[in-house]
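Peer 1: For reference, the chains in residue letters:
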Amino acid sequence: MMSPLKTTVRETAAGPVLEVTGELDYTSAPELRELTATITLRPGLRLVLDLGGMEFCDSSGITALLAARSHAHAAGADIALAAVPAHTLRVLRMVGLDEVFTIHPDRESVIGS
Amino acid sequence: MMCRSAEQPDPQDTGGDATDVLFAALLEDSADELYESAPCGYLSALMDGTIAKINSTLLGWLSLDREAVVGRMRFTDLLTVGGKLYHETHFAPLLRMQGEISGIALDIKQSAGGRMPVLVSAAVKYGSTGQPLLTRTTVFDARDRRAYEEELLRRRDAAEEARKQAEADRARLQEALAVLQQSLLPDTLPPIPGVETAAHYHTASPDRLGGDFYDVFPLDGKRFAFFLGDVCGKGPQAAAVTSLTRYTLRAAALHDPDPVSALSTLNTVLHERYADSGDPRYCTAVFGTLGPDPTTGHVAVQLASGGHPPVLVLRADGTADFLPTPGGLLVGVVPGARFTTATTVLTPGDTLLLYTDGLTEARTGDDQSDRYGDEALRGFAVRHAGRPPDAVVQALTGLLHGFGDGLDDDTALLAIGVPATGPAPCDPATPD
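From first to last, the protein sequence lines are chains A and B. When the letters of the first sequence are read in order and numbered with my numbering, they come out as residues 2 to 114. When the letters of the second sequence are read in order and numbered with my numbering, they come out as residues 657 to 1088.
Just chain A, same shape as in the assembly (with noise of 0.2 Å):
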């Protein structure tokens, strides 16, 4: 069955981290763009989104991680993918988008880094 999209953000040294667990769509997308948009960023700090729990990733999406790297450019702020799922990996592969995202296989590289 489709799980519904969750969301938590915890701060870290390094900077905030976002985790995402259920699918990212059309309908849920909306919530991770306007969440990511209140998350506050400065210079040398970086935003992990932690996608270990995302399920499903759709268009919409994908725009919505390229809208998070945008809020963290905008604030001169850095970003990075941590424990993208194969299915996911696979689609920023194919839109070339792992030239894009700095991607970390797993949290604990990025978020202990």
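The set of hints was computed from the structure by calculation and includes no laboratory data. One or more hints might be untrue.
One-sided excerpt, in silico: chain A residues whose CB lies under 10 Å from chain B [unchecked claim]:
1. Phe57
2. Thr64
3. Leu67
4. Ala68
5. Val92
6. Glu100
7. Val101
Positions of the beta carbon are idealized from the N, C-alpha and C atoms, including for glycine.
With the hints as your guide, set chain B onto chain A.
Peer 2: Coordinates of chain B only, in the frame set by chain A:
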């Protein structure tokens, strides 16, 4: 025997002298007074309808003198033409049959020419042997009630009118959406010598403008261009991007038909238009050119992809494979994006299939938790390899229908093939 429909009120035993005095003061002087001045009309009539007795209240409503009525008029003489008719056909027969009738809405004539809505009840009085003697009738003023009913009807009509208006508005909006949607897609695909084309567009929701697009158009008399893509998102905003994308690609291709060049122009246009708007918009697209060779009947395909799923090539020998275009970037995300090229040659019986990810991302399985996927699509294509484009698109349309609710995104299909029967090396100047 005259009607005394109201008995002398019998004061209840209230057990108090003061109350008795109060009641006595309120008591009617007589039953006649109560009859004459009651807040409803009374009349008694013989069985032939002749009015034998009538009270003042009713005479007042009719503006008639007692002498002009009693013994001279029948009850039906008091009614309007419509009332008379209803009396003859319904009121009187029912009264004869049941002995009584109540709450019938009629109009009585007023001498000034007006009419007054009333509610009429009647009962037959019988003699000791059961023979009908006379009819007693009460007449209630229904003017307020009628006005209220008319107001209700008027409001119901107004509500009905509003509903019709809303439906008309909705139909007009649907029509506008359909026209806009059609402006995003070609009505028909142009004939290409030695090439067959077929397309299908599945709209996930009739209210929601889709973000998928495709087109086929001539470049220079020999070559043709085609594209198919998917704008991220849906609705009017996505449709605006779709429109910008379609016409940018068409114009860019006429200027320089090189696929990478066309996508690069689109990338620049989308990035400049939307990157800083706070509402980033992107699309995936495959753009390509067709170079039919009239001597061999082969068609050279050059294409480039910006983040779009790889096209499929269905071969005449019954195989089907993706034409990989890895690394091509979503169009409009970053300036100077890189796009990936691929080439192939279509020979008789081959078909190139372009699709959007609505097809491969359709939900499948008993609980709709799986996605249709690339491999399933390739397997499906293998089974239809060697068939002409319209047959392939028709088969895929059937597949889309089969997804039912699982197909929750718009889906565009475009198939371009070379006819299998007789390469018919044709002169490109001659329409086939």
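Peer 1: All hints are to be evaluated individually against the structure, with a verdict given for each.
Peer 2: How the hints compare with the structure:
A hinted interface residue such as A/Phe57 counts as satisfied when its beta carbon comes closer than 10 Å to some beta carbon of chain B; here the least separation is about 8 Å, so the hint holds. Interface restraint check for A/Thr64: the shortest CB-CB distance to chain B comes to about 4 Å, inside 10 Å, so the restraint holds. This hint holds: A/Leu67 has a C-beta 6 Å from the nearest C-beta of chain B, less than the 10 Å allowed. A hinted interface residue such as A/Ala68 counts as satisfied when its beta carbon comes closer than 10 Å to some beta carbon of chain B; here the least separation is about 6 Å, so the hint holds.
Satisfaction of the interface hint for A/Val92 is found here, the shortest Cβ-Cβ separation to chain B being roughly 8 Å, below the 10 Å cut-off. The restraint placing A/Glu100 at the interface with chain B holds, with a minimum CB-CB distance near 7 Å, inside the 10 Å limit. The criterion of a C-beta within 10 Å of any C-beta in chain B is met by A/Val101, whose closest approach is roughly 6 Å, and the hint holds.
Going through the hint list in order, the structure satisfies each hint without exception.
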